[in-house]
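Enquirer: Chains as they are written, first to last, in numbering that gives the first Met the number 0: chain A, 0 to 253; chain B, 0 to 474; chain C, 0 to 280.
Hints are computed from structural coordinates only; laboratory data are not their basis.
Possibly wrong hints are sitting among the right ones.
If you want the footprint, here are the derived chain B segments under chain A, 3+ residues with CB under 8 Å [to be verified]:
id, segment
1, 21-28
2, 139-145
3, 149-158
4, 208-221
5, 293-303
6, 397-410
Glycine included, each C-beta is placed from N, C-alpha and C at the ideal position.
Okay, here's what each chain looks like letter by letter:
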Amino acid sequence: MSARDTILSRLRETLRQPHLPFPPAHSDPLTHAERMTVTHAEGDPWTLAERFAQELTAVKGSCELLETETEARLSIISRLQLWVEEEQAARKTAEAERAGDYDVLSWPLEQLGIESLPLILKEIGFKLIEPTDLHDPQQRERIRPIRAGITTVEAAFASTGSFVVGGRGANARAASLTPFRHLVVIPFSKLYATGEEWLAQMRHAGRLDDYLRQSRNLSIITGPSKSADIEGNLTMGVHGPKVVHAILFDDLQQ
Amino acid sequence: MQVDFNAPYKNRVQQALNDPNLRVAVSKATDRMTDARLASMDAVEGQKLRSQVRQMKQHVLRNWPDYLQQLESNLTRNGCTVHWAEETEDAQNIVRDIALQNSAKLVVKSKSMATEEIHLNHALEEVGLRVVETDLGEYIIQLADEPPSHIVAPVIHKRLEEIAEVFQDKLDMPPTREPTKMTSLARARLRQEFFAAGMGISGCNFAIAETGAICIVTNEGNGRMVSSMPRVYVVVMGIEKLVPTVEDAFLQLQALCRSATGQNLTVYCSMTSGPRQEGDVDGPEQVHVVLLDNGRSRMLARGYGEALLCIRCGACLNACPVYQEIGGHAYGSTYNGPIGAVITPALAPEISRFKELPHATSLCGACREACPVKIDLPRLLLDLRSDLVQENASPKTEAWGIKSYASLMSSRRMYESLGKMASIGSNLYAGMSGGNIKFMPPPLNGWTAYRDFAPFAPKSFRQWWKERSKLRGQT
Amino acid sequence: MHKATFEQRPNRVALFVTCMVDMLYPGVGIATCELLEKNNVEVVFPEEQTCCGQPAFNAGYRNEARKLARRFLSIFGPLVENGEVDAIVAPSGSCATMTSHFFEVLFEESREEELRRQAERLASVTFELTEFLVDVLGLANTGARLQGKAAYHPCCHLYRELGVDDQPRKLLDGVEGLEVVDLPHADDCCGFGGLFSIKNSGISAAMGRAKARSAQQCGADAIALCDVSCMTHINGILSREGISCRAHHIAEILNNHLGNSLRPPSQPEPQQPDHPRRWGD
């Protein structure tokens with residue numbers, strides 16, 4: 000008998016015993032109806048966005064809330080610009096400027112729906128690096144020194160300040176993982192009160208199962224990377240980004 | 000002084016008790032985590048959360064084989080390869096073979112108790128692989144060549160100064176006491192490893208049967224690295240780490256984060272449902288899932304199924320006053336603290352192999368109060384003690400002592416004469432040593448080694464009662 | 000656990016004094032008895048009683064524990080079932096836990112359904128002393144007076160198995176002159192744990208010393224508690240460590256057994272306590 004069959008039949012046999020102390024013979028599943036929502040948030044999109052900002056800030060991320068797509072575009076540009084300056088200042092040397100300073104590890108930004116964002120970024124000197132195969136040693140080396148990454152999200156949850164990034168197609172997992180700073184752009188249309196609400200809507204629409212299967216990888220991210228392993232001292236940016244900045248913008252007005 | 004992991008139990012405990020740093024480090028950290036847990040559970044409907052997760056997990060165990068098969072078929076459908084391992088060696092061989100087949104030289108690992116349980120690092124190193132732990136705490140103890148001493152905080156037993164020494168000795172870091180500098184160095188070193196590794200290994204916090212997804216949670220991001228960067232990703236999961244649906248997973252995730260570190264959610268919860276597909280930028284080309292029994296089915300059959308509800312949050316360790324005194328290494332097992340004292344013997348081929356552990360507890364119940372799935376740990380520890388007696392694994396003198404006590408107590412006459420004798424004897428003896436008894440012969444010297452003992456009362460309660468009744472003219 | 004509710008105030012109870020109180024701390028038994036009688040509850044003392052079997056159960060010797068459990072049921076069972084007493088009262092959270100929780104475990108395991116049911120019935124009328132005084136008799140004050148500072152230590156079985164915590168605290172608050180202070184980390188186990196105190200004496204003592212440090216920290220003259228087993232351990236530590244604070248069973252405080260003041264008198268005390276103090280103080 001294979002290991003699989005041995006294990007499964009052993010379990011079945013044990014569970015058939017009448018006096019097994021645990022689990023009880025009647026162990027009902029937790030139904031969708033009774034399952035609780037753990038954290039709560041409610042209100043209009045702006046209220047939710049404010050809550051998101053508050054929660055993300057509490058876990059040492061940062062956030063901006065913007066009224067229009069145009070403002071969001073401006074904010075994205077100035078944030079990336081600011082980061083370049085910060086990086087250069089931190090180096091404090093004469094040759095402060097480096098060739099790769101303007102490299103940004105990026106998802107295809109067209110999906111943001113912010114008009115001409117990629118174009119403008121390119122015009123002012125940013126290089127949006129969109130790798131195609133990160134198992135290719137050359138591409139791997141190329142992204143290694145990149146200090147900033149930009150992505151959007153699958154969804155964001157106001158009650159915990161969390162966002163979900165997927166990892167399929169042209170959307171590199173690395174963009175939200177390997178750079179030192181992560182700029183995450185969240186349109187209001189992707190913002191949900193809670194994680195439970197997002198799941199419920201997907202379930203209701205009949206999309207949840209296929210969506211999860213096809214995602215290969217989904218990460219729920221709540222703030223910048225951190226650790227308290229050194230005698231309880233909080234240190235930021237252990238493996239993932241040390242800086243997580245979210246730009247939320249109202250795309251529901253139109 | 001360090002706890003020698005290979006010394007006998009009594010010595011390990013004594014070494015732990017003799018180490019002043021250990022108690023400071025452990026109690027400081029566990030108090031902090033306990034406070035965070037309580038605050039975070041109080042901020043939501045914590046009791047309801049605990050009941051619901053328990054209900055969900057209990058249902059899984061009742062239908063365990065069905066859910067395992069569902070998980071297997073969905074993982075397979077998603078393109079993962081599923082392996083089944085009955086015992087430690089089987090799991091070691093499976094992972095070793097995967098590594099060799101893919102000519103992996105370097106393996107990066109995300110903290111995982113299941114792989115500690117099967118001593119995987121050692122098994123891989125034996126065939127020439129280099130294995131690097133990437134959780135910061137786990138990295139530090141790997142450098143120090145020690146096993147983890149806590150389920151979620153592996154280096155909880157070391158103080159800042161001791162950790163700084165490890166960085167100096169092993170990584171030639173200039174002397175520093177700044178945690179941020181040590182972290183930066185670790186980041187830089189481990190970044191090299193992530194980019195070079197041919198294989199990533201992690202455990203599994205929970206697997207979703209309905210969709211076939213493996214979830215791992217970390218705060219540092221190493222879990223995402225390990226499951227995304229190398230070409231081959233191997234998951235070693237205990238077969239009990241199952242949830243039915245993604246909604247159940249999200250519920251348990253929150254119970255786990257709140258109970259472990261008091262966070263609403265950990266920084267990263269990464270769900271892998273399959274290997275990279277055509278057109279994907281990154282992600283592993285192969286995903287292997289090793290379903291590890293290693294005593295879990297034995298544990299169910301032995302009657303310790305309730306402990307299979309455990310979600311490995313470490314809350315019971317933090318709440319345990321024994322753990323606070325001796326830390327994790329003194330237990331001498333992969334899993335320590337109250338849950339370790341239960342599952343270590345319950346998973347083992349013979350319970351008696353770990354006969355000290357069920358006694359390494361005052362049965363105070365703080366663990367049960369902390370447990371997010373309300374496992375009745377004190378009750379299970381009592382059951383284990385009973386099993387040890389059944390297996391004749393208890394000391395002969397103890398068995399004799401308890402049996403004599405039970406016979407004495409079965410007769411009022413004998414009980415009363417014993418009382419009188421003890422009273423006369425202990426008072427005489429105490430009188431000689433100035434009021435309290437400072438020394439008693441073995442095995443009671445365990446008491447007087449650390450504490451005084453007051454003599455028996457000159458006149459027992461029942462004597463008082465009798466005299467009073469006589470005075471009142473009753474019988 | 001299901002607890003009986005009484006339509007009429009119980010007027011007769013069986014005292015389950017516990018072997019430790021009987022032999023080591025008769026004063027606690029006397030205080031218990033007098034507290035009940037003062038409140039118009041007649042006390043019956045079944046003299047056949049010995050030990051509930053907890054040491055055997057705790058060590059894993061269930062056959063031996065069952066032997067003593069059967070004996071206990073045969074003594075107390077008829078008293079309750081014939082209506083001779085309304086309840087069973089014990090000045091111990093731990094022994095009450097044994098008879099009202101673990102007896103059922105023992106008979107469930109041996110599949111002795113009759114005995115399990117009897118144990119369950121007795122459990123519903125078994126009360127720890129303070130639980131009985133507050134929950135059943137509705138007492139808030141026992142009329143006790145005592146000068147000094149006391150901290151309450153919740154013993155684990157009482158606190159976590161029986162869920163009794165407010166009751167003793169309420170009664171202590173009712174003691175005139177007594178300043179009740181919070182014990183830091185109050186709900187941490189003192190380290191006694193039965194056989195644990197011998198088998199793992201080093202850890203047990205370390206936990207006891209942590210408790211002693213807490214007592215010193217809050218400046219208490221006394222630790223009040225509801226179990227003489229934990230009391231023996233804590234006092235053994237305090238005495239060995241040369242700390243003047245002592246643990247006292249709550250019954251002795253509530254029944255004025257400790258004299259006027261917890262503090263050692265600077266001049267001879269005007270009135271000697273009725274019952275000799277223990278632990279050489």
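Enquirer: Apply the coverage criterion to the segment 208-221 of chain B and chain A: a residue qualifies when its Cβ sits closer than 8 Å to a Cβ of the chain, and three qualifying residues are needed.
Expert: holds (count 8)
Enquirer: Check whether three or more residues of the segment 139-145 of chain B sit with their beta carbon closer than 8 Å to a beta carbon of chain A.
Expert: With 1 residues in contact (Cβ-Cβ under 8 Å with chain A), the coverage given for the segment 139-145 of chain B is violated.
Enquirer: State whether the coverage of the segment 21-28 of chain B by chain A holds or is violated, taking the criterion as 3 or more residues with Cβ-Cβ distances under 8 Å.
Expert: Since 3 is at least three, the answer is holds.
Enquirer: Can the segment 293-303 of chain B be counted as covered by chain A under the rule of three residues or more with Cβ-Cβ separation shorter than 8 Å?
Expert: With 5 residues close enough to chain A, the hint holds.
Enquirer: Does the segment 149-158 of chain B contain three or more residues whose Cβ lies closer than 8 Å to a Cβ of chain A?
Expert: With 5 residues in contact (Cβ-Cβ under 8 Å with chain A), the coverage given for the segment 149-158 of chain B holds.
Enquirer: Please count how many residues of the segment 397-410 of chain B have a CB within 8 Å of a CB from chain A and say whether that reaches 3.
Expert: Violated - the segment 397-410 of chain B has 0 residues with a Cβ nearer than 8 Å to chain A, which falls short of three.
In summary, the structure is inconsistent with hints 2, 6 from the numbered list given earlier, while agreeing with the others.
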